[in-house]
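Protein chains: 2
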Amino acid sequence: MTSPEPPGRSAGRVAALRALLAQDGLQGFAVPRADEHQGEYVPPHAERLAWLTGFTGSAGMAIVLVQKAAIFVDGRYTLQVGDQIDPAVFEVRHIAEQPASDWLRESLSGGGRLGYDPWLHTADGAARLRAACEAVGAELAPVAENPIDRLWTDRPLRPGAPFEIHPPELAGETSADKRAALAEKLAERGVEAAVLTLPDSIAWLLNIRGRDVPRTPFPLSFAILHSDGGVSLFAPAGKVDAALAQHLGSDIAVEPPEAFDGALAGFAGRKVLADPATAADRIFQVLEAAGALVERGADPCQMPKACKNAAELDGARNAHRRDGAALTRFLAWLAREAPAGDVDELAAAGRLERYRRESNLLRDLSFDTISGAGPNGAIVHYRVTPETNRRLEPGSLYLVDSGGQYADGTTDVTRTVAIGAPMAEMRRHFTLVLKGHIALATARFPAGTTGSQLDSLARMALWADGLDYDHGTGHGVGSYLSVHEGPQRISKLPNSIALQPGMIVSNEPGYYRTGEYGIRIENLVAVREAEIAGAERPMLAFETLTLAPIDRALIDRALLTADETGWVDAYHARVRDTIGPLVDPDTAAWLDEATRPL
Amino acid sequence: MTSPEPPGRSAGRVAALRALLAQDGLQGFAVPRADEHQGEYVPPHAERLAWLTGFTGSAGMAIVLVQKAAIFVDGRYTLQVGDQIDPAVFEVRHIAEQPASDWLRESLSGGGRLGYDPWLHTADGAARLRAACEAVGAELAPVAENPIDRLWTDRPLRPGAPFEIHPPELAGETSADKRAALAEKLAERGVEAAVLTLPDSIAWLLNIRGRDVPRTPFPLSFAILHSDGGVSLFAPAGKVDAALAQHLGSDIAVEPPEAFDGALAGFAGRKVLADPATAADRIFQVLEAAGALVERGADPCQMPKACKNAAELDGARNAHRRDGAALTRFLAWLAREAPAGDVDELAAAGRLERYRRESNLLRDLSFDTISGAGPNGAIVHYRVTPETNRRLEPGSLYLVDSGGQYADGTTDVTRTVAIGAPMAEMRRHFTLVLKGHIALATARFPAGTTGSQLDSLARMALWADGLDYDHGTGHGVGSYLSVHEGPQRISKLPNSIALQPGMIVSNEPGYYRTGEYGIRIENLVAVREAEIAGAERPMLAFETLTLAPIDRALIDRALLTADETGWVDAYHARVRDTIGPLVDPDTAAWLDEATRPL
Chain B
1 MTSPEPPGRS AGRVAALRAL LAQDGLQGFA VPRADEHQGE YVPPHAERLA WLTGFTGSAG
61 MAIVLVQKAA IFVDGRYTLQ VGDQIDPAVF EVRHIAEQPA SDWLRESLSG GGRLGYDPWL
121 HTADGAARLR AACEAVGAEL APVAENPIDR LWTDRPLRPG APFEIHPPEL AGETSADKRA
181 ALAEKLAERG VEAAVLTLPD SIAWLLNIRG RDVPRTPFPL SFAILHSDGG VSLFAPAGKV
241 DAALAQHLGS DIAVEPPEAF DGALAGFAGR KVLADPATAA DRIFQVLEAA GALVERGADP
301 CQMPKACKNA AELDGARNAH RRDGAALTRF LAWLAREAPA GDVDELAAAG RLERYRRESN
361 LLRDLSFDTI SGAGPNGAIV HYRVTPETNR RLEPGSLYLV DSGGQYADGT TDVTRTVAIG
421 APMAEMRRHF TLVLKGHIAL ATARFPAGTT GSQLDSLARM ALWADGLDYD HGTGHGVGSY
481 LSVHEGPQRI SKLPNSIALQ PGMIVSNEPG YYRTGEYGIR IENLVAVREA EIAGAERPML
541 AFETLTLAPI DRALIDRALL TADETGWVDA YHARVRDTIG PLVDPDTAAW LDEATRPL
Chain Z
1001 MTSPEPPGRS AGRVAALRAL LAQDGLQGFA VPRADEHQGE YVPPHAERLA WLTGFTGSAG
1061 MAIVLVQKAA IFVDGRYTLQ VGDQIDPAVF EVRHIAEQPA SDWLRESLSG GGRLGYDPWL
1121 HTADGAARLR AACEAVGAEL APVAENPIDR LWTDRPLRPG APFEIHPPEL AGETSADKRA
1181 ALAEKLAERG VEAAVLTLPD SIAWLLNIRG RDVPRTPFPL SFAILHSDGG VSLFAPAGKV
1241 DAALAQHLGS DIAVEPPEAF DGALAGFAGR KVLADPATAA DRIFQVLEAA GALVERGADP
1301 CQMPKACKNA AELDGARNAH RRDGAALTRF LAWLAREAPA GDVDELAAAG RLERYRRESN
1361 LLRDLSFDTI SGAGPNGAIV HYRVTPETNR RLEPGSLYLV DSGGQYADGT TDVTRTVAIG
1421 APMAEMRRHF TLVLKGHIAL ATARFPAGTT GSQLDSLARM ALWADGLDYD HGTGHGVGSY
1481 LSVHEGPQRI SKLPNSIALQ PGMIVSNEPG YYRTGEYGIR IENLVAVREA EIAGAERPML
1541 AFETLTLAPI DRALIDRALL TADETGWVDA YHARVRDTIG PLVDPDTAAW LDEATRPL
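Listed in order, the protein sequences are those of chains B and Z. My numbering numbers the first residue of the first sequence as 1 and each following residue consecutively. My numbering numbers the first residue of the second sequence as 1001 and each following residue consecutively.
Isolated chain B, as found in the complex:
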């Protein structure tokens, strides 16, 4: 969270925007928190929403009309947005309860034109916005140049770091083999090419990574995969150096971004696949204007990318051992230092990052560490700042959710630790969360089962006490890619994607008592085939990847079944045997104690 907006700055920028809109005959303009690739992280030069409004959350949209303006955010950001924006300029709306379409219906007048930058909205998103405009007789009008870019004079430069090779021994499959397999499927569908706009798809397909956005090694670019397995890669100058060009090989034609439009237009009269849920509306406009036969369907890289191969899973196991050693050093340090009451959230997060960096293999954190003491732990998407920083006090809980980007894998782990002696109620709640975590970790399920079907296993122990948590139970995780990736997830929301061997997902039930404490226990798990004697169907199960002790002081053994106690003891034995040899003797001694059988 950045410091609050200087008074008046946002008002001035909005006024300047309105003046531009008036010149262009527009009644308003939509400013989403998005770049041309629709990822969770965007480069600084694409932070247009933050520039205009001051709001720095990872999702949201502002709409500026002549007379009024609103910003739409989700439940994670309703508090933060109030601290960051100028309420004299923007109304704040909860995007689910008061959707932009409703606001437009009240606010837009018939015959008017609402401008939007078709690079920054997916085709599906633009269609929703268009329907809202048309419902009041207004028009959604694409702009050729984003008016914010004309006003934003001190705009940061585009990220310049070159793309990097993702080595074949970590990728586990050559780009040529991946491209051949996908090309065959395109040919089967009778499609001549697929337009790729998601940086993780391009990274996976070409075995490359980049340094274009924080926390995620995305190589921002566009690509077209042809049905002969060749690829046209549209990347700014300087992104592909000689070594990378050699790695890419002769089947990959590197072209400047300016050539993308022409390449799309070249599909006149031919069938081309593009994903309306993820690709910018602009892509569809260019394809359709050129007379291409657009087949709308899912990005073909997403599913094979989600199903990690043996080399990627080995990499994940290595990354998790290394990361578990760093986290275990941190937990041992915390056990030594915290009871004195001198550790605060910032110091703790800094210490944990230092231990991860001392592996010398950390490329970046996989997200900003959530380091929440006491009541701050109950804020699900908490990010510590100097203003909110709290000391870890005896009798409280401390929640730390963090992860690392390593070349061989991406980690994401949450531990909740008792500072001093916990109250009985904290132990009960922690143990209920643990029961849910174990139920999911030990689940066996038939092939074809979705994460939606498994979600309740992680909640039922809390439900029995009349408790629950308001976030998903698990998200997909990339292989040295995004810490949040689809298409699979474990959630209350319906999802038709079956869990498949090799998929990595988080297992993270929690419990949050507002103003008091938060509890979350998160391990990453990989879907694997289950060997069950006498099984009548292909069955799947989870392999737990994350290795770090779970605070025994918070486990009320009386609430666990024998099987659950057995799981904790076996997991702790595995943590001790694997991590013990990787850490210093003091940490190893602490770990022996921390992983004693219950």
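Since the hints were derived computationally from the structure, they do not count as laboratory data. Since the model is a prediction, treat every value here as computed from it, not as a measurement. Possibly wrong hints are sitting among the right ones.
Which residues of chain Z face chain B? A few of them, derived with a C-beta cut under 8 Å, are [unchecked claim]:
#, residue
1, 1445
2, 1464
3, 1535
Have a look at the derived ranges for each label pair, beta carbon to beta carbon [said to hold, decoys possible]:
#, chain 1, residue 1, chain 2, residue 2, range
4, Z, 1584, B, 96, 54 to 62 Å
5, Z, 1385, B, 561, 43 to 51 Å
6, B, 533, Z, 1078, 27 to 35 Å
7, Z, 1532, B, 96, 26 to 34 Å
8, B, 293, Z, 1142, 30 to 38 Å
9, B, 561, Z, 1533, 16 to 24 Å
10, B, 536, Z, 1088, 35 to 43 Å
A virtual CB, placed ideally from N, CA and C, is assigned to each residue, including glycine.
Starting from the known structure of chain B, arrange chain Z on it as the hints suggest.
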């Protein structure tokens, strides 16, 4: 299951149909197993599919083209259809794996017209068929008169029995109150009326029942609910006698079915609600031709009907006590008679029906009893016939799924019984099914939870052994109405309908070993609010309605947790205390033994 089709009969009927189609310039005709109300049961005069093909299953569709014909059925009926139809006339297709749309794409030629009776397809169903026709340049053409009706000379008469009063003390709410509440919602939506085509909606709204289809007290009719709370009821002559007319009162205008078209056409220029998922396509054609403003949305009676009020729940409890006494008498009889090896499936089903009838309150069975010995128990939708009838043999399992229609409630219960000494494997499988049953019966869950979210609780014990079952876990049940009703269900399939207090659903996990035995344990349960000390959210739970012992000989206690054993013992104590006083001394003595603590 009826006896097989006489050779050649179906060929003759199809030839006659083709001759009629040629006269009418049609390339083919679709014959669904449906009447104008789209219910699971249809009256004999609407069994057009059976007349044409010989197939008597409860779902399916034939399409007869000039050169070829096919019948489409689901997985329940793939065996039965092969026994009943003439393979020289009809190809058999599995409706999910080889949908009619694919077959039409291969079989229909451009420019042709496929006829259909718009009374027998929902608007959504007709739209799917139309899309399949249009994909090959053909047309879906409504017929004014169903050609089958012109050929079917010995067609049964329409059912003539008059409608009956459903007494207010059982309904728990007057029709006037129900109509006023719905009328207010229609007015809020700005809709002038709702077209009602589902007999259960009309039965619920007007507190009436009928005798028009087997096993379900449906009053076949159409109705229009006006936003002032008045209703136009379109029913054949003789359906509404003087007593019923008085019960209906002056706000219900009874009109002949011939007046329905004119009433629909009267909505020219006015807003009227109709449900495309359940109402016949014909309704929409008439409304749209007249220039009505059709609002497409769910039938407004379905949700309030699903949420039973206090009187309906009391009725359900009474019906389940009475029904449980009959089933307990049967189980005691079976325990005495079956070990000698002289009981067969037909005799058992007959004996069970006799005990139900001896209550003198049984209106009908709620469906044809599933009485499956040994391998027949593994056929999920088995119906015993003289040809398939088996003896209940020592060392086997017997599965009986049955229910009764009483004026105060509809029951549906399955018990699986060991005949003589069961094998260890049977006990293990039965106990895994029981664990799933208990997990669902004891689940607590937050308001807003859907049946899809709870489904896996009933399966996880089987999954752990690599086993599963290929049917839903629970279906809604009416209040002296259909034994299968929506919109809620407990199933692997996504469903957005939250479970709400008063909804009755079945809890029926199972396990089926083809060629050997089937296991299912089914109780009906009612959703209720859960009182949980310290609960932070509104929580729900289930009240088990069904009362009959679960075979102790099949329970492997070593596989149960202490909580699960406690549930069985408490359930059995409740069965003993409730049913014991209602049965003869011999049965009561047997029940005492059958409900001993584990």
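Now for the hints, and whether the structure bears them out:
{"no.": "1", "hint": "1445", "result": "5 Å, holds"}
{"no.": "2", "hint": "1464", "result": "5 Å, holds"}
{"no.": "3", "hint": "1535", "result": "2 Å, holds"}
{"no.": "4", "hint": "Z:1584 with B:96: 54 to 62 Å", "result": "60 Å, holds"}
{"no.": "5", "hint": "Z:1385 with B:561: 43 to 51 Å", "result": "47 Å, holds"}
{"no.": "6", "hint": "B:533 with Z:1078: 27 to 35 Å", "result": "31 Å, holds"}
{"no.": "7", "hint": "Z:1532 with B:96: 26 to 34 Å", "result": "27 Å, holds"}
{"no.": "8", "hint": "B:293 with Z:1142: 30 to 38 Å", "result": "33 Å, holds"}
{"no.": "9", "hint": "B:561 with Z:1533: 16 to 24 Å", "result": "22 Å, holds"}
{"no.": "10", "hint": "B:536 with Z:1088: 35 to 43 Å", "result": "37 Å, holds"}
Of the hints listed earlier, there is not a single one the structure fails to meet.
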